[in-house]
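*Asks:* Put the complex together from the two separate chains, hints included.
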Amino acid sequence: MNETRPTVYEELQAKGHSRRDFMKFCTFIGAALGLESTGIAQVVKALETKSRLPVVWLHFQECTCCSESFIRSSHPLVADVILDKISLDYTETLMAAAGHQAEATLKNTIEKYKGQYVLLVEGSIPTKEDGAYCCIGGKSSYDIFKEVSKDAKAIIAWGNCASAGCVQAANPNPTGATPIYKLAEGKTVINVQGCPPIAEVMAGVIVHILAFDRIPQLDSLGRPKAFYSSRVHDTCYRRPNYDAGLFVESWDDENAKKGYCLYKMGCRGPNTYNSCGVIKWNNGVSFPIQSGHPCIGCSEANFWDNGPFYKHLANFPGFGIESTADKVGIGLGAVTVAGIAAHAVVTNIRKRKEIMKGLRTTDNNIA
Amino acid sequence: MKEKKEAEHNETVYVWQLPVRFYHWINALSILVLCVTGFLIGYPIALQNSAEASFGYWFGTVRFIHFVAAFIFFFNFVYRLYWGFVGNKYAKWDNFIPYRKSQWQEVLDVLKVDILMVSKKPIDSVGHNALASLTYFFTFLAFLVQSLTGFGLYAAMSKSFFPKLFAWIVPILGGDFNTRMIHHIFMWLFIVFAIIHIYLVFYHDYVERRGVTSSMIGGWKFIEKGHMEEVKKKVKV
Ligand code: HEM
Ligand code: SF4
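Going down the list, the sequences are from chains A and B.
Each residue of the first sequence is one higher than the last, beginning at 1 in my numbering.
Each residue of the second sequence is one higher than the last, beginning at 368 in my numbering.
Don't read these hints as lab results, they were simulated from the structure.
Please note that a few of the clues may not be correct.
Here are some of the chain A residues that sit facing chain B, going by a computed Cβ distance under 7 Å [claimed, not checked]: (1) LEU94; (2) PRO240; (3) LEU313.
Idealized CB from N, CA, C, for every residue including glycine.
Here chain B stands alone, though its shape is the one from the complex (with noise of 0.2 Å):
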């Protein structure tokens, strides 16, 4: 591992900005939200009661919450990208899109240092690192398939217009049971996603001790002193 400071001997970064921050646990919630919800419609659980069907609903709540959490985990993606345009360093597209050499090098890197740990060679990214951000673009595209297979299958149970849009998603994939069967197979690409992410933020606040789990909270990261220098002027030459 590097060679850490002390404490006083960090400087504090801010890294993520509070729409990034609010987008992460809006995210976080209505993903969570959605896999407990679409678990239990491919697999409603069995609620035995004797009343009469008029007057249960709870599948239909389910469903309902389902939809809902759909609309703003959808709308809070799109603005997401919007802010890949107009937020800070940290937060803008190009991070998560690999097209220099030098973010494949960094991939590499950390695959060696972190999760193969067989070099202890530092990482220079203050915010995602470059494995991480292209993991994310990978998540990006799970949320696009995500939101285009949930809203074919939503086009043919809505009057509104919107869900609409996305009805022509449906015909291509093959008909509504190939789609709903590609929305519920995502769903575990959620599931793992979700556990590894959790252990690999509590591995670097761990290891890099530079405060990521509360830095998706505050914004702040504790960054060594004089590494930002040092970053900064390898990318100028």
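The following block holds chain A by itself, in its conformation from the complex (with noise of 0.2 Å):
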């Protein structure tokens, strides 16, 4: 790239981090990122000779939680590193500059490392009424989208906004929130799931794409393996509690206190796929199950439609707010089992009439 640009090594240098530092936030991405020992290696070689990546981290129909887990990621090289060493050609949230030399940027940005910038995407595209929900400097998030996706190195989706549309698509989803795979025309988007994500897996994939040049491996729902193949469920510390049948039953009983499984106060870690367990929020001090909250499933796509979240199963759809699949069912049982009773009476009444009949027409009857 540009040889003139200093290495990413080099600028931690010159901040004042040291040779330690570096290395301690090498292994910890590594680890992170599931590498053996000799990925660490090419890890360290990568950002110790590679300068900075060029990204362009744009904001569309978001509330900026993904930027705010980021620049709060436990590892201080985290914020050091991907923010002021590596990203931040352009941001609006972030950037000093405003207005026109804010665009002026973006122009520059993806003019001149044109097939060599990431695209992260903050927020999901609204494409009702030709987008006019979410216009930044006159022009529609689509249009802009489409601009600077198009000679992008590779596109991240941050959060479930972009990679689902969260809040915003849900029912009935009034400015056609949609998530940007959908709209890359073909493109590889990366989803970074999570309401927010977790700032070490957000790191962990830039950093992967600068070490690596090639993009983390996906599942089939573009999430990067590495963080989202298990169930928040699978890594759990209460699975023990669940395996033996151990459950909180109301918020303030004895269960609640003791720490039991979250199951049934509608926890969603069985069909949640993230890292919350292994990697932990806030330097790893804690995670929502762990404070003795259930998961809300914030890295699934329409959880907010899969409501209410303190219940194990959403409601049954069509039929009004309290009804549950069981209570419907219920309802069906009862239905079937009465038009059982009527019929077996009719069945009995015309019986009768035949058995009579029967009695009077042969003397060897059956009845």
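*Replies:* Below, the structure is given as structure tokens:
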């Protein structure tokens, strides 16, 4: 790329970080990515020899929680490496430039680093009313996306908004909020799911692209396998309680204090693919289930429509708010039994006639 | 109702071959087990005890039984599909798919005779009547849905290659949550089916006196003499 630009390691040194910090960061990210030790050496080498990755970070229909999560990454170098040193040629929420100057930066970056920059998208793109629901600098987000994604080296969708539409795509989706993989016209999109995604996961994906010059392995939903291949339930420390059938029955019961499994409180852990149970949040301090709250499935598509959060299953569609599948099922069973009872009564009345007839016509009756 | 002849004027017809009977009861038993354990998985009862979690495993056991029964259910189902091609005429696949006009005609007739009770026209079928066959066709579809959603969910919990073959179904249905929801709702279809099915067997046994109930044990039905010839003639013209 640009020989004149300093490498990531050089930039970090200039900022006063030690070699030791740098190595710690590389092993940390390498471990998060599930690399073997030779892979970690590759990460070290890449960061020592490559200069920063040009990055454009676009914000559409979102709440900036992905950015918030990212800058609160537990490892101090994550923010430094990614935010100060690698990224932010353009990002609406954090860059210093504004107005025309900002637009000029964007234009510059995508021309100068054609085919080299990574596009990060936070937020979904509204498609109704020609995209009028989200416009920046007089252009619709869809138009901006088309323009910027054309020459991107890779596209990363941050969070549930960009990966699946999140709350703004919940029924009835008034703005036609659309996840970006649907608008990327065949380009591969890395869906970094979660509302927000875990900071280390975000950093890991970027470092992977920088170190190996290709996108990480993805599953069928476009999520990096390293972080989304097992369910929260599979790595949950409350799992022994689940297997033993020890459940919290209500929020304030003894079982809640004992830290039993939250399955009956609507925990979505068994249906949710994420690394919360392993990497955890805020410097590995905790994650929702550890704090006593069931998982709400924020890294799954449509999680807002799969409510209520505190019930094991969603309400039965089309049957009013309090109707669960079981209530509808029991109702259906009751109707069936009533129908059968009526049918049986009629059958017997008719059968009786027949028995009488049979008695009259045959002496060897079988009734 | 049809004019009945006395018992000694009945002839016995071998309708359900041994594999069909085995299939039927294995199916019934596994569905019973799957419904009971499935219901518990969806709504675990509160069994309180003060022991440490590491000493208990009842919920794990319930799930284990569900999965074992699921494998039995699935391969039994596959076996029945196979038997639909090699079995006798009462077991043949084409009983279950109403592609002939006469089958639809019989569906209507059975509705009128047995369900609405507005007609007394005799029904010719000796095996399943056309309406029953159509219903079984839908239950086969339900078996398929339940197997696909079940193994789709199981793929996430298993290291084995077999459930992984079904993993593709989950994204199509919109994720594990929706898959689970569909799987759960279908349980109620099985329960409602079982109620109606058992009632109708008793009903037919009672009204037709052909021994349907025991036919699924011994294989024989008791059909009025001459009926088989009559039906054969009808089919020829
Ligand atoms: C007659 C057939 C079946 C019935 C009635 C049935 C019923 C159920 C029900 C009611 C649940 C609970 C869903 C919930 O609310 O969480 C369930 C869970 C499940 N069933 Fe089935 N099922 C059947 C067949 C199968 C088959 C063929 C499989 C294949 C492996 C299967 C695998 C599963 C799995 C993996 C779960 C989730 C268990 C968990 O949460 O750990 N089921 N089933
Ligand atoms: S709390 Fe949730 S994720 Fe943890 S074991 Fe229970 S159901 Fe699974």
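*Asks:* Give a verdict on every hint.
*Replies:* So, going through the hints one by one against the coordinates:
no. : hint   : verdict
1   : LEU94  : violated (32 Å)
2   : PRO240 : holds (4 Å)
3   : LEU313 : holds (6 Å)
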